[in-house]
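Residue numbers (this note's numbering), protein chains in the order written: chain A, 1 to 125; chain B, 1001 to 1244; chain C, 2001 to 2129.
Hints were generated in silico from the structure; no laboratory data involved.
Backbone N, C-alpha and C fix where the C-beta goes; we use that ideal spot for every residue, glycine too.
It is possible that some hints are incorrect.
[As the list claims (entries may be wrong)] Negatives, chain A to chain B, calculated, CB over 10 Å:
#, residue
1, Ala50
2, Ser57
3, Ile60
4, Ile70
5, Val74
6, Pro99
7, Leu125
[To be verified] A few chain C residues facing chain B, derived, Cβ under 8 Å:
#, residue
8, Pro2008
9, Leu2011
10, Ser2021
11, Leu2100
12, Ile2102
13, Leu2106
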Amino acid sequence: METNRLQKNITENVWLWLVKIIAGLGIVIFLTIHFIVNHLVAPEGLLSYADILRYYSNPIVPIMEAGFLIFAVVHSLLGLRSIILDLNPSTKVMRFVNPLLIAVGSASIIYGLWLLLVLVQRASL
Amino acid sequence: MNDTIWTIELKIFRQRADAQRYFQTFQIEINPDEYVLDAIEKVWAFHDRSLTFRHACHHSTCGACGMLVNGIEKLTCITSIRSVTQNNGKLLIEPLRNFPVLSDLVVDTSSMFKALEEIGFNQVASLPSACLPYERKTLEHERSEYQRLVDCIECGMCISACPVSLTDSNYLGPAVLAAAHDASSQPLSNKILEIVDSRDGLWRCHNAFECSAVCPSNVEPGLRIMKMRQTVIAHRIKKLFSRG
Amino acid sequence: MNINKPSPSHLWRWFDPRDKSIGTIAFIINRLSAIGLTIYLFLHLAVLSKLVAGSQAYDDFLILAKSPAIKIGEMFVIAGGIIHGLNGIRITINSLGFLLKIQNGLLVGLMIIALAAIVYFAIRMFSGA
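Please put together the full structure from these sequences, using the hints given.
Take a look at the structure:
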């Protein structure tokens, strides 16, 4: 431990940790629903492109998958950040890491939602 | 104590300042009911007077003699030879992890003491706040006018065992966070809240509970960190809604 | 050199279970599964682009996905997900101040559930069900 630095990093508090925990619990809940819905909607599994389109024609599926996507991306990137923090990065490094993680997270969520919309659109045809 | 005498081999970590580290082996005869610290003192007394190590009270009160014994944090004054080796067996003695080595088995724990001081750690506390939450249930008189010494003996073994302290010198560590819990049994002060609810504070613990496993004094730093989390989460959420 | 000071270069020691308690084993598994699942998540998102490419591209990919190597890989993902999820539940429960006196037992109990779930999924997956 370095000395005289106990109040150095007070800009960050419980909220990021809490978001990670809530997202983690969200994943557990959505994954459970995913398995149940999957079992009910497609008991034989999603074995072809046509199966997937049929699966997405059920309105609960895209909502569930969107929630799962957002929680999974948020939880994984906050977890990655937590590992990086354990390696004692300098403030300079974190100034680079934080926007990078936000950019990767935002891009992944936008890409995933776009993918979902394409599938929903094709399923409705 | 019986008259049995064991022959054991001590492999001791040696290092002066930033010089090259090495291990030196000593063979000694000792009663197995004596303690690891006694064995180290025998090495110093009869084999090598240049060996340096910290010790004072010899009854687990001062916290000076924490070391790694066969890779595990032990308070050597209360760790019997019998409990860690056998006749003709070996003992690997190393300094605590995560503190700079000053000389041989002596590490520099000053950073921990400064942090403890800064957080307002007090060796004497009111009876309810000195006890763990589950111990309070057995108190006959949970009255704040009674005081006692707190359990933490500032040995630093919890910091040595912590996986986060291994890589991050900025992490407050279990001893300091447990002390914060001890000092904050009353309503949370802004000072303590700012220190523990920070990037280097409570949220960096990954629940390995290694600190509680090695603590020789039943401080349960892991439990205290979790209790402190509970308090801070409740405080922050309450504050969020009281604003609106 | 003083090797005892905390340093990021000690990160390999995170994964050294020697002389450690069960909590460290949980920490190691949690960290490894976190890294594995993060890699899988982004690989999975990349692979899903095949869906946009149309039915032929995706159905071709599904044939590849049925190969034993991919199936074993998927089994690792399922196992990692179950263990990580259940350990996360332990961390949440403990962090809210509950079941702290039995946190070791809680961990063992959840890992038994994890093992049972992994065996269930493995049987389902490899029996062709």
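Results for each hint:
no. : hint    : in the structure
1   : Ala50   : holds, 45 Å
2   : Ser57   : holds, 40 Å
3   : Ile60   : holds, 31 Å
4   : Ile70   : holds, 21 Å
5   : Val74   : holds, 16 Å
6   : Pro99   : holds, 17 Å
7   : Leu125  : holds, 45 Å
8   : Pro2008 : holds, 5 Å
9   : Leu2011 : holds, 5 Å
10  : Ser2021 : holds, 4 Å
11  : Leu2100 : holds, 5 Å
12  : Ile2102 : violated, 11 Å
13  : Leu2106 : violated, 11 Å
When held up to the earlier numbered hints, the structure conflicts with 12, 13 and fits the remainder.
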